[in-house]
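Fit chain B to the known structure of chain A by using the hints.
Residue-level listing of the chains:
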Amino acid sequence: MKNEKFRAVIEPFANGFVKNNPTFRLVLGTCPTLAVTTSAMNGITMGLATTFVLMCSNLLISLLRNIIPSKVRIPAYILIIATFVTVVDMTMKKFIPDLHATLGLYIPLIVVNCIIMARAESFANQNMPLPSVMDGLGVGLGFTLSITLISIVREFLGAGAFFGMTIPGLSDFAMSIFIMPAGAFLVFGFMIVCFNAAVKAFEKRRAQGGQAK
Amino acid sequence: MDNTQKLAFKESLKKMWKSDAFKAIAVLCIIALMSALILSVVHRYTIVDEEAVLREKVGEVYPSSPVTTSVDVSSYRNIDNSVILNAFVAEDGAYIILSKSKKAYNSGTGITLIVVIKEGIILCVQNYLSSETPGLGTRALKESYLSQYVGVEANALAVRDQVEIRDPNEQTVKIEYIGGATKSSTGVRISVTAAATFYIREAAK
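If you're matching them up, the sequences are chains A and B in order. When we follow the working numbering, the leftmost residue of the first sequence carries the number 1, and every step to the right adds one. When we follow the working numbering, the leftmost residue of the second sequence carries the number 214, and every step to the right adds one.
Same shape as in the complex, but just chain A (with noise of 0.2 Å):
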């Protein structure tokens, strides 16, 4: 019983990296994944911002999923959502304005960002708090570590730097058009090839391993 309901809450974290992965599996918020991963701490700092406002949505929708009326359910989404979006928002002002200025409008457009509205409406509306919580955490750091990976690929080859910093001899053969939109489009195509070769792989090695025993 209590294995159970700790499965419960566990599961839908550990589905968030590899099942639900939004990037990779689910092919959800493309458009930041696009946009901002141009350098490894954008990437970084846009999928934490998404982290946040998708357990803290996830948090209050669940809470509040037998009160709100399904009739109005997509608005009063939208309103809790927006609300932690203009906290990341006003906060990321205050304390790093840099990067504030550098993700722009891309920090707004989060309301947007169909992964937490996917989320909201597939898990948090039907599911109990902690539980929600535990998706939103799951689904946001397999959102932040896939748009990462894409970030450290394409700095690397299109700027010749990792995480800011450049690495010397490289940055003189760096391939612009990695940073460029053609660049993002063939890396995150790429990706998500060997993204899900790698678990098709991995899940044909563990039915053969399954059926051995």
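If you are wondering where the hints come from, they were derived from the structure by calculation, not from laboratory data. If a hint is listed, it holds; no wrong ones were tucked in.
With beta-carbon atoms standing in for the labels, derived distance ranges:
id : chain 1 : residue 1 : chain 2 : residue 2 : range
1  : A       : Val27     : B       : Gly333    : 56 to 66 Å
2  : A       : Gly169    : B       : Leu252    : 45 to 55 Å
3  : B       : Ser320    : A       : Val112    : 15 to 25 Å
In silico BS3-like cross-links for lysine-lysine, where the CA-CA straight-line distance does not exceed 25 Å:
id : chain 1 : residue 1 : chain 2 : residue 2
4  : A       : Lys71     : B       : Lys228
5  : B       : Lys355    : A       : Lys93
6  : A       : Lys200    : A       : Lys19
7  : A       : Lys93     : B       : Lys315
8  : B       : Lys355    : A       : Lys94
9  : A       : Lys93     : B       : Lys270
10 : B       : Lys231    : A       : Lys71
11 : B       : Lys227    : A       : Lys71
12 : A       : Lys94     : B       : Lys315
No experiment lies behind these values; they were computed from the predicted model shown. Virtual Cβ for every residue (Gly too), placed ideally from N, Cα, C.
Leaving out everything else, chain B in the frame of chain A:
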């Protein structure tokens, strides 16, 4: 109001309370109030005194003399594609100008530079606010690139009348542009030119 009217009124209130529309409006109003409460608390702790931040930054850029007066830029006629956001005069007569170019790779944020001009010579150019592409456009905002403007006469860069900046070669100062970051380089040039023009016009007063 007699008893029957009171009862009818109570009944209608009950009906309204039970109606879906009323419930929906009430829930949305409660959520909106909650949002307002959260945001007002967060705003209280995250409010940014932009004037203080700017003065601090100006102090860092030009530490040799304290800033004394703030120049009124509200009535200033900006040259094309630029805005003079703020200007200060230091005790030693140097002008510290906050100049924004609307032309940039990310034209939403533009490129805002702090330009220090003293006795007609550009002493310092520093990036204040921009969101150019890291590793690409940001090369035009590095100190090594911006330093080419240091020592240039404001008079040589300034735009006469309301003429649009066309070919940079038409002007007397040769400025290097960065290949692959032409828009950002142009933004920097427009920003510095706007500051130089502002200085010349102020000095002529």
